[in-house]
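Colleague: What follows is the residue order along each chain.
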Amino acid sequence: MEKIMQWFRDIPISKKLRLIIAVTAGLALLMEFGVSTVNNWTSQRQKTVENLMAQAKIIGANSTAALTFNDPKAAEENVGVLRNVPSVEYGLLFTKGGRVFAKYLRENFKEYAQPSKPLGKDGYYFEYGHLTVSQRIFLDNDHIGTIVVHSDLKDMYSQLIRNVIIVSLDTLLVAGIIVFLLSSVFERIISEPLQQLSKLMKDISNRKDYSVMATKHGEDEIGQLADSFNIMTEDLLKTTVSRDYVDSIIKNMIDSLIVTGPDGRIEVINKSTSDLLGYHEDELIGKPIGMILTEDIPLNSLGMKENIETIYLSKDGRKIPVLFSCSGMVDNSGQSHGNVCVASDITERKLHEKEKEAMQLKMFTTSKLASLGEIATGIAHEINQPLTYISSFIQAIQISLESNAIDKIKLQERLKIASKQIQRIIEIIQHLQTFGRQDDIPMQPVNIEEVFNNSLLLMGERIRLKNINLLRHIEPDLPMLSGNSTRLEQLFINLLQNSIDALPIETTDAMIKITMFTSEEKDSIVIKCSDNGMGIEQKNLERIFEPFFTTKEIGKGTGIGLSIVYGIVQEHNGVITCESETKKGTTFTITLPVKSDAKK
Amino acid sequence: MKIFKILRSLSLLLCLTLCIESNIFAEEITSGEYEVKAAFLVNFLKFVEWPQGEDSRNSAYYICVLGNNPFGPSLMTIQNKTVTGKRVITKLCKEPHNTNNCHIVFISASEKERLGSILKEIGDLNILTVGDMNDFARAGGIIQFVTERDKVHFLINIDAASRAKLKISSKLLRLSLIFRE
Numbered sequence: 000m001e002k003i004m005q006w007f008r009d010i011p012i013s014k015k016l017r018l019i020i021a022v023t024a025g026l027a028l029l030m031e032f033g034v035s036t037v038n039n040w041t042s043q044r045q046k047t048v049e050n051l052m053a054q055a056k057i058i059g060a061n062s063t064a065a066l067t068f069n070d071p072k073a074a075e076e077n078v079g080v081l082r083n084v085p086s087v088e089y090g091l092l093f094t095k096g097g098r099v100f101a102k103y104l105r106e107n108f109k110e111y112a113q114p115s116k117p118l119g120k121d122g123y124y125f126e127y128g129h130l131t132v133s134q135r136i137f138l139d140n141d142h143i144g145t146i147v148v149h150s151d152l153k154d155m156y157s158q159l160i161r162n163v164i165i166v167s168l169d170t171l172l173v174a175g176i177i178v179f180l181l182s183s184v185f186e187r188i189i190s191e192p193l194q195q196l197s198k199l200m201k202d203i204s205n206r207k208d209y210s211v212m213a214t215k216h217g218e219d220e221i222g223q224l225a226d227s228f229n230i231m232t233e234d235l236l237k238t239t240v241s242r243d244y245v246d247s248i249i250k251n252m253i254d255s256l257i258v259t260g261p262d263g264r265i266e267v268i269n270k271s272t273s274d275l276l277g278y279h280e281d282e283l284i285g286k287p288i289g290m291i292l293t294e295d296i297p298l299n300s301l302g303m304k305e306n307i308e309t310i311y312l313s314k315d316g317r318k319i320p321v322l323f324s325c326s327g328m329v330d331n332s333g334q335s336h337g338n339v340c341v342a343s344d345i346t347e348r349k350l351h352e353k354e355k356e357a358m359q360l361k362m363f364t365t366s367k368l369a370s371l372g373e374i375a376t377g378i379a380h381e382i383n384q385p386l387t388y389i390s391s392f393i394q395a396i397q398i399s400l401e402s403n404a405i406d407k408i409k410l411q412e413r414l415k416i417a418s419k420q421i422q423r424i425i426e427i428i429q430h431l432q433t434f435g436r437q438d439d440i441p442m443q444p445v446n447i448e449e450v451f452n453n454s455l456l457l458m459g460e461r462i463r464l465k466n467i468n469l470l471r472h473i474e475p476d477l478p479m480l481s482g483n484s485t486r487l488e489q490l491f492i493n494l495l496q497n498s499i500d501a502l503p504i505e506t507t508d509a510m511i512k513i514t515m516f517t518s519e520e521k522d523s524i525v526i527k528c529s530d531n532g533m534g535i536e537q538k539n540l541e542r543i544f545e546p547f548f549t550t551k552e553i554g555k556g557t558g559i560g561l562s563i564v565y566g567i568v569q570e571h572n573g574v575i576t577c578e579s580e581t582k583k584g585t586t587f588t589i590t591l592p593v594k595s596d597a598k599k
Numbered sequence: 066m067k068i069f070k071i072l073r074s075l076s077l078l079l080c081l082t083l084c085i086e087s088n089i090f091a092e093e094i095t096s097g098e099y100e101v102k103a104a105f106l107v108n109f110l111k112f113v114e115w116p117q118g119e120d121s122r123n124s125a126y127y128i129c130v131l132g133n134n135p136f137g138p139s140l141m142t143i144q145n146k147t148v149t150g151k152r153v154i155t156k157l158c159k160e161p162h163n164t165n166n167c168h169i170v171f172i173s174a175s176e177k178e179r180l181g182s183i184l185k186e187i188g189d190l191n192i193l194t195v196g197d198m199n200d201f202a203r204a205g206g207i208i209q210f211v212t213e214r215d216k217v218h219f220l221i222n223i224d225a226a227s228r229a230k231l232k233i234s235s236k237l238l239r240l241s242l243i244f245r246e
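Residue numbers (this note's numbering), protein chains in the order written: chain A, 0 to 599; chain B, 66 to 246.
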């Protein structure tokens with residue numbers, strides 16, 4: 000049964016329809032056949048009974064006179080009419096009293112159970128394939144006799160069989176024609192549109208042409224199917240268009256786009272990516288993204304990664320700096336589907352930065368030389384003072400040697416001082432050498448106070464010569480900074496030089512105050528450099544950090560000192576502000592973070 | 066003793082019913098020739114149709130005997146029988162003109178001499194003339210009883226019947242010998 004059902008499911012609809020119609024028609028036929036057989040049977044029986052009854056009645060009616068006038072011969076003639084009905088086996092005419100008045104026996108009819116008496120009333124009965132009919136005979140309302148006719152049913156049966164065969168053959172023929180016609184009609188109505196639809200689907204999937212529409216044949220389920228199909232193709236068309244649109248966006252975007260699966264393997268890349276890296280698309284799809292990254296970027300976590308500077312590794316081993324952003328793709332249920340990563344090539348920017356750095360470096364060197372030039376006098380003084388002492392000491396020794404009056408103890412004391420002075424000169428010169436040379440040293444822990452002291456090696460004498468009172472308020476045990484000591488020293492030198500230049504020579508109370516302390520948050524050091532000089536006019540305040548901006552007389556300043564200070568502060572991720580009041584003085588406040596993420 | 070009385074009366078009743086039945090259907094000649102003929106006369110009423118006539122004839126059937134009565138008491142047995150809803154009345158007549166209202170006139174053998182004139186007189190009067198004389202039918206009577214081997218048959222002159230405007234059932238005709246003039 001299951002096999003038959005499966006077979007039925009598998010055959011084409013046209014065959015199904017034909018089969019269904021055939022089976023239905025067959026069943027209907029069978030029922031019709033049954034009903035008609037029963038019908039035929041009853042009607043045939045009825046007919047036989049009626050026929051025989053009619054025969055009996057006629058004989059009865061014809062025999063009234065014979066009965067009345069007691070003429071059995073005439074009666075026998077009447078009954079003998081039954082001879083013409085081959086199926087009749089016998090006919091008996093009884094008198095009212097039940098005596099046989101006349102009879103007919105079929106030829107060769109031997110055995111018959113002649114009823115001794117007719118039935119009490121008119122009627123018939125079927126028995127052993129025979130029909131017996133009994134009919135009373137009346138004349139003028141008087142019951143004068145009874146006719147009994149007994150017949151076999153061969154005729155009836157043969158007629159019945161004939162009828163049934165004819166009927167079934169007829170209906171079979173008609174039903175066959177109807178089944179054929181109906182199934183061809185149904186095929187046209189049901190199977191054909193379905194086949195068309197199926198062919199259309201195949202065509203569409205082969206040619207990818209979604210503009211083809213299904214023809215609708217009616218409002219039935221097939222029509223609805225065609226409608227749904229058309230809606231679907233329309234949607235497909237739209238999706239295809241929007242997919243093409245998105246594809247074209249991805250294809251034409253300048254940035255590199257990489258989509259990875261949840262396992263970190265590359266699923267999609269765009270043309271920019273393959274152009275940038277020199278890989279063909281096929282060489283990257285399915286590979287771990289680590290293949291093109293020089294650094295490990297954890298991509299399995301779902302969070303966003305924005306604008307990380309990292310380096311792509313191209314096929315030929317080139318390192319390509321990129322600005323890399325990545326975000327996780329999460330579906331509605333929170334399930335991760337991987338990452339979408341966009342990267343833009345920043346090679347050029349990096350180049351610019353390098354150029355800028357180089358330029359800055361060059362500027363620093365220049366500024367340093369300029370600073371050196373400016374402080375050269377100071378340095379000369381620094382060296383001059385110990386040299387003067389040493390010179391006078393040597394003269395004194397010469398005089399003592401000439402007069403032989405050498406006080407050994409005094410000489411020893413003076414030698415100590417002299418050697419101290421020489422040591423100082425050596426220090427200054429050594430420091431000058433380092434300051435002049437070390438330009439590009441990496442960030443390292445720096446003691447800011449020491450740096451300041453070093454700067455005073457070069458500037459201290461000069462401040463003293465100008466009778467400037469240097470006040471130091473330096474918090475003990477300041478934390479170390481991460482920075483470049485040479486640059487920071489230059490920062491102090493430039494600041495001190497600026498203050499010295501701002502202080503008029505003629506004043507007696509000229510003062511420079513250096514204050515250093517840790518910020519309240521303990522994360523940075525605040526350096527304040529104040530003077531009570533002429534101050535800066537308000538209109539110039541915003542321009543003081545511009546390179547080559549100066550208010551000093553020509554020849555006195557280069558105009559780059561403060562701009563260098565600004566650059567150095569920037570380099571250390573610090574902040575510099577300036578407050579000034581004309582004729583009262585200026586205060587520079589520099590805040591440098593303790594742990595600097597400064598660039599190299 | 067009373068039981069005997071009842072039994073006797075019962076047997077009498079039984080005998081009477083049986084006798085009546087056998088009387089009514091006394092077809093056998095043994096029950097007496099004229100008895101049969103009387104019964105036949107009544108039965109003729111059932112197979113002959115008279116034209117619609119006067120009211121006096123419509124209310125009952127008149128069976129008349131013209132001349133001497135050969136039936137004897139048998140005539141009484143048919144008196145007051147009912148045929149097709151009408152009573153049968155018997156009548157004895159001496160003269161033909163007395164038979165005007167009769168449906169059937171049995172012309173007795175006593176009238177042999179004047180049969181011709183009688184038939185001439187009543188032959189066209191819608192009267193079924195019956196007789197048992199030889200050549201009764203040939204003489205123009207309608208039904209003639211013929212006794213053959215103790216069985217009563219009849220001969221019908223259909224031309225006389227049509228002259229009398231009587232319709233005789235084919236069933237009856239089939240039983241009879243037919244005479245044509």
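Mixed in with the good hints, there may be bad ones.
Selected chain B positions facing chain A (in silico; Cβ < 7 Å) [what the hints assert, rightly or not]:
1. N108
2. V113
3. N145
4. V148
5. R239
6. L240
7. F244
These are computed hints drawn from the structure, not numbers from a lab.
Quick reminder that beta carbons are idealized off the backbone N, C-alpha and C, glycines included.
Colleague: All hints are to be evaluated individually against the structure, with a verdict given for each.
Modeller: Against the structure, the hints:
no. : hint : result
1   : N108 : holds, 5 Å
2   : V113 : violated, 11 Å
3   : N145 : violated, 15 Å
4   : V148 : holds, 6 Å
5   : R239 : holds, 6 Å
6   : L240 : holds, 5 Å
7   : F244 : violated, 17 Å
In summary, the numbered hints that this structure violates are 2, 3 and 7.
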